[in-house]
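Turn these sequences into a full structure, and let the hints guide you.
Just so you know, the protein sequences line up as chains A and V, in that order. Here the numbering used here is used: position 89 in the first sequence is 89, and no number is missing along the way. Here the numbering used here is used: position 160 in the second sequence is 160, and no number is missing along the way.
Just so you know, the hints here were simulated from the structure itself, not pulled from any lab data. In this text the structure is predicted, and so the values were computed from the model without any measurement. Only true hints are included.
In silico lysine-lysine, DSSO-like type, Cα no more than 27 Å apart, as pairs: (1) Lys95/A <-> Lys149/A; (2) Lys492/V <-> Lys88/A; (3) Lys566/V <-> Lys56/A; (4) Lys82/A <-> Lys492/V; (5) Lys566/V <-> Lys82/A; (6) Lys56/A <-> Lys492/V; (7) Lys25/V <-> Lys268/V.
So these bits of chain V aren't anywhere near chain A, every CB distance computed over 12 Å: (8) Asp234; (9) Asp260; (10) Thr320; (11) Asp417; (12) Lys470; (13) Thr631; (14) Pro685; (15) Asn812; (16) Asp859.
Derived Cβ-Cβ restraints for the label pairs, each shown as a range: (17) Glu537/V <-> Gly72/A: 27 to 37 Å; (18) Asp190/V <-> Gly72/A: 11 to 21 Å; (19) Leu185/V <-> Gly72/A: 26 to 36 Å; (20) Asp629/V <-> Met86/A: 35 to 45 Å; (21) Leu357/V <-> His138/A: 26 to 36 Å; (22) Pro246/V <-> Gly72/A: 26 to 36 Å; (23) Gln449/V <-> Gly72/A: 20 to 30 Å.
Just so it is clear, CB atoms sit at the ideal spot from N, CA and C, and this is done for glycine as well.
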Amino acid sequence: MSASSTDKTAHERIEGQLLAGDDKQRDFLTIVIADQMFGIPVLQVQDVLGEQRVTKIPLSLPEVAGALNLRGRIVTAIDVRKKLGMDKRPMDTQKAMSVVVEYQGELYSLIIDRVGDVLTLQQEDFEDNPATLDQLWHDISQGIYRLEKRLLVVLDVPKLLGKVDH
Amino acid sequence: MDDLIAEFLTETNESLAELDVDLVKLEQNPNDKDLLSKIFRVIHTVKGTCGFLGLPRLEKTAHKAEDVLGLFRDGALEVTSEYVTLIFESLDRIKYIVGEIEANGAEPEGSDDELIAKLANILKEAGEDDKVALDNSMSLDEIMAAAENEATEKQILQTEGKDLPAPQAPEAMEARASNLANQSLRVSVDVIENLMTMVSELVLTRNQLLQILRTHNDSEFGAPLLRLNHVVSDLQEGVMKTRMQPIGNAWAKLPRIIRDISMELGKKIELEMQGKDTELDRQVLELIKDPLTHMVRNSGDHGIETPKERLAKGKPEHGTIRLNSYHEGGHIIIEIADDGKGLSTQKIKDKILANGLASAQEIEQLSTQQIQQYIFKAGFSTAEAVTSVSGRGVGMDVVRTNIEKIGGSIELSSVEDEGTTIAIKIPLTLAIVSALIVQSAGERFAIPQLTVKELVMTSSDGETRIEMIKGSPVFRLRDHLLPLVSLQTLLKLDKPLTDDVLADLTDHPDNQRDIDQSQSQSQSQKQGQGKYIIVMEVGACVLGVIVDRVFDTEEIVVKPVASILKDIDIFSGNTILGDGSVIMILDPSGIAKSSGDRFVADSANKRAAQIEDDTQQSKTALLLFQAGDQTPKAVPLALVSRLEDIKTKDIEHTDGRMVVQYRDSLMTLLPYSSAVSIESFDKKPVLVFSDKEKAMGLVVDQIIDIAEEHIDIKMTGKAEDMLGSAIIRGKTTDVINVSHFLHQVDRDWYKDHGDEPYEPQDDMLISHDVKRILLVEDSPFFRNMMMPLLKIAGYHVTAAENAIDALAICDNGADFDVILSDIEMPEMNGFEFAKKIKEQEKWQNIPMVALSSHTTQKDIDRGLQAGFSNYIAKFDRDTLLTTLSETLSKHYNGGASS
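Here is the structure:
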């Protein structure tokens, strides 16, 4: 998994979440897309990748950026910005990063702007989606965490990929 | 679970599965000794091991069954079909108990006393009760001994086998069986899986090494690497063999199932199986077993008719279900065909309506093929009764899902009363295939070597150039003209290098190479330099695919495409090349499909299409326009005299209505509805309807188009301005009632009577100055169109749907001045009708005019011969009206009315 939590207590905590369904706190990998911070439950993240050679797939949906080779497995790359109807990533920023997740037995690489830290977030800071939230975002968001300086949208990966799967 | 029990269960299950096939044979040869012996042995083993393992219920049942089977095997009792059923019952019971043990680790509650009693009865009949028991108990001991000292005992028993008297024969058989067993090995599936994965990786690594070798020709690595290459190829083949199983394994249970269905439903069904040695991957086999069973069940249950029904249809009593399997281009094709009653289009339509999946109008527009596709929807089953065999409606959608999950496809074609064929295509996904790597627009693709017939290089001039016929490229290949498709165009890769595209490409260093290539590509294209044509064979068709470059052949591991891409027909999978890059694998039949229907040569489809064509009526030209709201409107083009664009400033108002100067007279304008706005526009399109001197202009918002369609109007309520609605070009369109508008403009448009209703009135009330027409026309649309048309002209019209109705009207005493009849009608056509009319007294002298879409001289002659005074083309409005009035005036001498 990611760099930070390799000590025993973190491990135990994650296991605790798995086994006991610990509701009080959850660990998220934070990612940033177009200055909006999102969180993916850390357990869903298989890999974090840097720049990748992506083969374009002709005739595919616009949000399908292509396919890439990850240690012998073919992973479908999804451009999350396109999926969420955002503008293209500006050229001068850092290179794109991707988060690899598994959905229905297949691997997907979500292309995002950058990856942040793994954060442990408290249940008390969690809120449901505001009613005024854009329909598309409403569908793919499980809720919002109130962080100190910003808001984190919890990304519902199955929903995001399910939508790709018309 | 105890290891011993687990092993026992596996073995027993295997043996029972094997027996399934044999059992059906037993039915045909009830006294086949070998078969009976085989069954005996299995039950014998089960019984023996039960005692060993402490499974009392199973032991008891198996014991009795074995006793009975012993009798049969020894010929002491003849096997009748009743007994066969009993044997089946016994085996089923054993299966059940074994299943329960597997699931719950213990024998199920309950007893098999009933069954045992039945079996005991048989024994009593043969008087063999105790004697047999004795023999068997001896064998039990001997089996125990044999199991303990396998090696030594085996040898002794084997050599003495032939000489031993009957009671001891079982051990010899046992020994023989275990000898055979040594030749095969039971390996866990996981181990094989691992092996397979490792071999795949090995293959890929070997590919990489070979690639590197190519660039370093003189290297001492050369020879060993080539040797390695051979070895890896052999290893690959060998491991793949371990996973491959003949499809016959999946078909094993089917004869039994068909037999059961035949018995249960009283039908005679023959199951033919061809190609059962066709091998496919074990995993894939597991996944298709159930779908196959389901479909065969369906054929037996719903497809094949009862013998009585079949004879009545002139078919042989025995229905046939044919299973056929073969390899084709990297796929395995499995066909299930039956000669039963096929799919009932009507029933499906009813079901679609009942389930609310489409409206009645939409349904009418669908072709038979499209309607048949609905059976793949969830919860769909047109079986009237849910039998225990099938009809629960959980079927075909699950089947399709399962097949598509493994990257396969399923196609259905059915002809009512003739039968249904289902074809499943499954990729040999885990296969490692040879593929040709090609390049188009800077992107590389793989084409399975098997499908490539030829490779041709073209040049921009000379004999080997690509020629164009009206924009479609073709190539002269020896004596044939080869149709071509450009891969680039097909994959929509002809984007020019805009900034956007460039931006996409520059993210990764490797992509720079792509840009350079693309740029040089477009250059070379401009120069029309040599391209390559890959000649592929798809079914019966041959087509050529134009690509920019051809690399070489590589062995690739086919991986299925991600599920979001499965709808793209052109790709059959993707793979990782030796250099680590991912490329898509092209599917020739997908390419054929995408480049035009003409490539798809499916005989069933053709046949279905033929039938469709035959039943199509002639098309009608319609003018489509928009007026007042979003719903498109249509009017038969033939009714429209002219289309004009009237300048709104030319419109004058008199007497409360709008008029415009038109061709030396005033034409009244009527907006289609109050929603049509006139003031805010400079010009408005106007549909002009005219009849001799009278003209009327219908103001609309926009002329959409002219469509030639086969239309079916559905009458909707009593809206007077519409004849009804029809689906035209996929949209619900209102077909307007022109007479309504005409009537609004000029109540006297109907010359003789101002206030005529639209429905035909009772004869009595109409004065005989109005000429009465009997219109015989089967098409509701034409009837609806002709009636206003004739009424405009001042006739009184009675319509009959077909000739028989028309004759009935005659019998009822009605009278007419002229009969206008269609020729092409079901049941009785126009010619026959005319003859009939001329034959009887009452209407003998009424002039008849024929309307038809067929107007060759022959048809006209025929019509005149049959008794028509005139023969005109359908929808030649002016000629129709002129002819009518001519005919009438000729006939009645001075009763001209138009």
